[in-house]
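Participant: Each chain, written out:
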Amino acid sequence: MIQFIIRRILQTVPVLLGVTILVFFMMHLIPGDPAQVIAGEAANEEQVEQMRERLGLNDPLYVQYGTYLMNALQGDLGDSIRSGREVTAEVSSRFWVTFELAFYSTLLSIFIGLIAGIISAVRQYTFSDVGIMIAALFGLSMPNFWLGLMLMQYFSLNLGWLPVSGWGTPDRIILPVLALGTAGAAIIARMTRSSMLEVISQDYIRTARAKGVKEKYVIYKHALKNAMIPVVTVIGLEFGTLLGGAVLTETVFSINGLGRYIVESIGARDFPVVQGSVLVIALVFVIVNLLVDISYRFLNKRIDFN
Amino acid sequence: MPETTVNYPVTTPPNPHVESFKNVLKRLKKNKAAMVGGFLILFFIVVSIIGPFFTPFDPSEQNHVNKLAGPSLEHWFGTDHHGRDIFSRIIHGMSITLYIGFFSVLIGAVIGVLFGIVSGYFGGKMDAVIMRIMDVLLAFPGILLALGIVSVLGGSLNNVIISVGIFSVPAFARIVRGSTLSVKKLEYIDAVRALGASHFRIIFRHVLPNVMSPIIVQATLRMATAVLTASGLSFLGLGAQPPTPEWGAMLSDGRNYMWDAGHVAFFPGIAIVVVVLAFNIFGDGLRDALDPKMKS
Chain A
1 MIQFIIRRIL QTVPVLLGVT ILVFFMMHLI PGDPAQVIAG EAANEEQVEQ MRERLGLNDP
61 LYVQYGTYLM NALQGDLGDS IRSGREVTAE VSSRFWVTFE LAFYSTLLSI FIGLIAGIIS
121 AVRQYTFSDV GIMIAALFGL SMPNFWLGLM LMQYFSLNLG WLPVSGWGTP DRIILPVLAL
181 GTAGAAIIAR MTRSSMLEVI SQDYIRTARA KGVKEKYVIY KHALKNAMIP VVTVIGLEFG
241 TLLGGAVLTE TVFSINGLGR YIVESIGARD FPVVQGSVLV IALVFVIVNL LVDISYRFLN
301 KRIDFN
Chain B
1 MPETTVNYPV TTPPNPHVES FKNVLKRLKK NKAAMVGGFL ILFFIVVSII GPFFTPFDPS
61 EQNHVNKLAG PSLEHWFGTD HHGRDIFSRI IHGMSITLYI GFFSVLIGAV IGVLFGIVSG
121 YFGGKMDAVI MRIMDVLLAF PGILLALGIV SVLGGSLNNV IISVGIFSVP AFARIVRGST
181 LSVKKLEYID AVRALGASHF RIIFRHVLPN VMSPIIVQAT LRMATAVLTA SGLSFLGLGA
241 QPPTPEWGAM LSDGRNYMWD AGHVAFFPGI AIVVVVLAFN IFGDGLRDAL DPKMKS
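As they're listed, the protein sequences go chains A and B. The opening residue of the first sequence carries number 1 in this note's numbering; numbering runs sequentially from there. The opening residue of the second sequence carries number 1 in this note's numbering; numbering runs sequentially from there.
Hints are all accurate, no fakes.
Anything over 10 Å on all C-beta distances counts as not near chain A; from chain B, calculated:
| hint | residue |
| --- | --- |
| 1 | K30 |
| 2 | I45 |
| 3 | H64 |
| 4 | P71 |
| 5 | S72 |
| 6 | H81 |
| 7 | L157 |
| 8 | R174 |
| 9 | L195 |
| 10 | G196 |
| 11 | I202 |
| 12 | I203 |
| 13 | L208 |
Each pair of labels, with its calculated beta carbon distance range:
| hint | chain 1 | residue 1 | chain 2 | residue 2 | range |
| --- | --- | --- | --- | --- | --- |
| 14 | A | D59 | B | D58 | 49 to 59 Å |
| 15 | A | L107 | B | S182 | 31 to 41 Å |
| 16 | A | V213 | B | Y257 | 56 to 66 Å |
| 17 | A | R54 | B | F43 | 46 to 56 Å |
| 18 | A | F4 | B | L25 | 40 to 50 Å |
| 19 | A | I287 | B | D190 | 36 to 46 Å |
| 20 | A | L69 | B | V46 | 47 to 57 Å |
| 21 | A | F127 | B | L25 | 25 to 35 Å |
| 22 | A | L17 | B | L186 | 32 to 42 Å |
| 23 | B | V110 | A | L107 | 37 to 47 Å |
Just so you know, the hints here were simulated from the structure itself, not pulled from any lab data. Ideal placement from N, C-alpha and C gives every residue a C-beta, glycine not left out.
Full structure from sequences and hints, please.
Facilitator: If you want it as structure tokens, here you go:
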């Protein structure tokens, strides 16, 4: 078991390195001279040269990457071009807001998705099954930023029940979490339904029923546990998707999270901030997936750890 | 056997594993939801081609006397902050949406299929390297990868297509690799190899047709994701630039007038939902008809 965990962690290292390489090259892939683009069209030659020096663009590429990697490992992601502050400080102050938003949205997705998926599977081909699956299809097809705007329009502007924007208090959390978590709930509901249906058709469930075990126990004790195995993987992936999707929700609800910060920094061509923020989100996503993968093996005892 | 010893005309019989179009259509016809999705997509394509000739107003025509007007008989979906007819703009925006979706999926599919098929067919180090690259791309969750690429390339419609295309590559590569791994074990492929066919011929004449089903399903479902992602980028101001009637950009405009005129953001959003829904329903149906094993 421990060997498996160590091996899985080691497998993550090349991916993490790849992520740093890709993020590092972001700036070098800017069409034209990155220093000129970042300094702005109005910048004169001297200012461009200063920017080039500041960004370390005069060094050979491998030296630049080596410096970037070593600094990143020590928690130094450079300085913001706009504010001059350390990117690490700026990112860490905003990261937890985005993390909370994605976390609560994932919880909501799991809660609604699991209940809806189980009802749908247990009552296959009934009115509730069809209704839930149609609702899930709509949930999947709605842009979260549009849903956010519509929720804001109805609950904040029309009814005046909830604040229009912000984060931190329970009433401010509801709408962004609903907007972001709906698509995830739809995905989890669909996955739970198909997984449950597959498990319910297995021989051991038929045996349990034949033995006279109450239907409630058959579903919740025997079927759900095994049906959850593929669902866990989806939940891990969903958390990541929501972490990325927070970019849009934060913009809609004017939440001071990492996503909104990225968007503002792209507008201001503040590349060190964009690089640092994207790197942090990708690293967290890789780590979450690693944890999900390990828990998946724990849940599914049939998987050989070797 | 060395590849240079090809002496037989490699005219293999019809591939036994590729399903006939008739069978697929028969199964697809049984799925009512998929048929509805399919007809909707056809309808959208027709509207995107001929619709712009029949719109009641020019999509850029401004009317400052009548700005932010609600839906009426004259302006079915109301007008925006420049007094432009939202219905006409949505009809004109249909072709932009389908154009972005189609070409970004095409880019993703061509690159992804190539990577996936080469990875699965050759295996070994090449497989390991390609799949690690895909893992790295997948480490950027949701819209983040597309956002990162478009931030580097600069905001424009074509750059959105490129970024959403690259964002789609890993999905295609993974699915095609998985299918290739199972197809290459088939006796049929062994037989073609024994006849002395080259790797190139085996891949493109014999493996590719066998993995087409998951590619078609993935492409259809990916259209939905591409439309959502592209509209998200435009909403953030990184895609189509004003006055292009792109739905995400229209939504972004509408955001500033939520208090007085909610319809400005409502209708472009509904348009996105309907198009994405159609591709999702059709993709689901296609999956059931073409590749029941993929049903999840």
